[in-house]
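2 protein chains.
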Amino acid sequence: MLRSCATHLRTLRSGSVEVWRSFSSEKVTHKDYAVPNPSWSKDLRFLFDQFMKKCEDGSWKRLSSYRKIPPEHLKDFQTQFIDPSYSKEEYMLKSQLFTRSFEDGMGFEYVVFCNDVEKKVVCLFQGGPFLQGVPGFLHGGAAASIIDVALGKCAARAGGIVMTANLNINYKRPIPLCSVSVINSQIDKIEGRKLFLSCNFQSSDEKISYADATGLFIKLDPKKRLT
Amino acid sequence: MLRSCATHLRTLRSGSVEVWRSFSSEKVTHKDYAVPNPSWSKDLRFLFDQFMKKCEDGSWKRLSSYRKIPPEHLKDFQTQFIDPSYSKEEYMLKSQLFTRSFEDGMGFEYVVFCNDVEKKVVCLFQGGPFLQGVPGFLHGGAAASIIDVALGKCAARAGGIVMTANLNINYKRPIPLCSVSVINSQIDKIEGRKLFLSCNFQSSDEKISYADATGLFIKLDPKKRLT
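Chains as they are written, first to last, in my numbering: chain A, 1 to 227; chain B, 1 to 227.
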């Protein structure tokens with residue numbers, strides 16, 4: 001629902017950043033999940049390599065993605081709900097970003113690339129066997145989830161911390177489980193704090209259109225509390 | 001995306017049904033996840049008990065829910081995609097229903113009750129710490145997923161095997177992680193194979209409206225192939 005657009009992380013080595021847990025002095029290293037792992041199919045690796053080449057001249061960028069959002073990403077964000085049944089430490093240890101909370105290959109495998117000049121974002125996606133709806137096909141909720149990620153990342157590039165206000169999805173064809181697809185997102189219009197976006201969800205060869213969607217995202221003032 | 005409406009399962013004992021794996025003669029027992037487990041909060045148990053009382057006169061029914069869809073639910077369903085990289089057996093062992101693919105308490109904890117006369121469905125939901133978006137709140141995709149479940153179950157009661165064609169969600173307030181909420185769904189209109197539904201997503205005390213949504217579902221002919 002909310003995403004941050006932070007680029008001020010101190011990179012230690014490829015694929016990881018050094019952060020500090022907010023509740024202790026213990027140092028942890030966050031793993032970047034937006035890189036190939038052994039579960040990635042040939043199709044996903046091929047598309048990944050193509051976009052990495054586009055990154056070489058600086059026009060496109062690969063966006064990092066973490067299971068636990070590094071505190072630096074939300075350093076100005078004033079609101080956070082902690083369920084009363086948890087201590088803050090326990091909560092920080094248990095909670096994970098939804099779309100990164102599966103074991104490698106079982107859930108959402110994806111990487112997002114962006115082109116800030118063209119205001120475009122491309123999400124390469126492979127949905128694992130734990131995202132099943134009817135046998136053999138992706139669950140409608142899993143499709144909605146990766147659409148929310150793709151649109152939200154696009155909105156966050158322009159709007160900083162944004163929140164989904166509307167998601168309108170047209171499902172056109174069932175999406176085979178474990179297949180690779182591409183979600184192209186773009187900003188159509190900005191009106192004050194409102195960002196209007198759209199996307200299409202296609203097979204990796206662009207021959208099948210699985211879904212299209214629009215999204216309305218609201219730019220938040222991180223210094224104001226949400227609740 | 002697709003759901004079956006089967007009521008012909010042979011119940012062995014409370015919370016489980018006997019089914020046969022389609023690829024072998026090995027008998028397995030499917031666990032019903034739509035019953036309380038130790039992760040359920042006091043609020044969720046309280047609402048569950050209230051609805052179980054409504055079931056006593058037969059006006060409401062609790063719907064069972066499985067991690068692996070029992071083959072009987074889809075016995076007439078003619079289409080299934082198996083990724084070429086898996087054998088059928090391997091695929092059957094690995095794949096799981098998306099919204100039941102988490103360990104108890106970490107993901108989607110929910111139970112659905114229906115009233116077929118009033119064409120209403122109520123989903124009681126508790127979103128665990130693996131469904132996080134911004135720290136402390138439910139991910140927009142996780143909210144969309146449980147809305148798809150709530151609307152889809154409602155459509156399936158009237159339409160048999162149905163498929164999501166459109167999902168339009170208005171997010172109004174951020175949903176605290178680990179809190180309990182209630183999604184009330186109803187069928188607004190049926191036009192041939194099209195089922196038009198709507199729902200509201202509220203806090204357990206009904207004081208906060210988190211979201212509302214509409215859904216269009218298409219009744220499928222299970223004897224026709226999807227792809």
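Incorrect hints may have been included.
Any copy will do: because identical chains look the same in the list, a pair fits if it lies in one copy or spans two.
Mimicking EDC-like on lysine to aspartate or glutamate, the simulated pairs with C-alpha atoms at most 20 Å apart in a straight line are [said to hold, decoys possible]:
hint, residue 1, residue 2
1, K120, E56
2, K223, E103
3, K42, D83
4, K94, D104
5, K172, E191
6, K207, D83
7, K172, D221
8, K68, E103
9, K53, D212
10, K207, E90
11, K61, E118
12, K207, E89
13, K224, D57
14, K120, E90
15, K119, E89
Hint data in this document are derived by calculation from the structure and do not stem from the laboratory.
In this text, all values refer to a predicted model and were calculated from it rather than measured experimentally.
Hint check results:
1. K120 with E56: Cα proximity of K120 and E56: one copy only (17 Å, versus 55 Å across).
2. K223 with E103: Intra 34 Å, inter 35 Å, cutoff 20 Å: neither.
3. K42 with D83: between (42 Å within a copy, 13 Å between copies)
4. K94 with D104: Result: close both inside a copy and across copies, 18 Å intra and 13 Å inter.
5. K172 with E191: Between. Shortest inter-copy distance 19 Å satisfies the 20 Å Cα cut-off; intra-copy 29 Å does not.
6. K207 with D83: Classified as between; 18 Å across copies, 45 Å inside a copy.
7. K172 with D221: between (36 Å within a copy, 16 Å between copies)
8. K68 with E103: both (14 Å within a copy, 18 Å between copies)
9. K53 with D212: Close neither inside one copy (27 Å) nor across copies (42 Å); limit 20 Å.
10. K207 with E90: neither (47 Å within a copy, 28 Å between copies)
11. K61 with E118: within (12 Å within a copy, 52 Å between copies)
12. K207 with E89: Neither way: K207 and E89 sit 48 Å apart in one copy and 29 Å across, limit 20 Å.
13. K224 with D57: neither (38 Å within a copy, 49 Å between copies)
14. K120 with E90: neither (38 Å within a copy, 38 Å between copies)
15. K119 with E89: neither (38 Å within a copy, 44 Å between copies)
Comparing the model with each numbered hint stated earlier shows that hints 2, 9, 10, 12, 13, 14, 15 do not hold.
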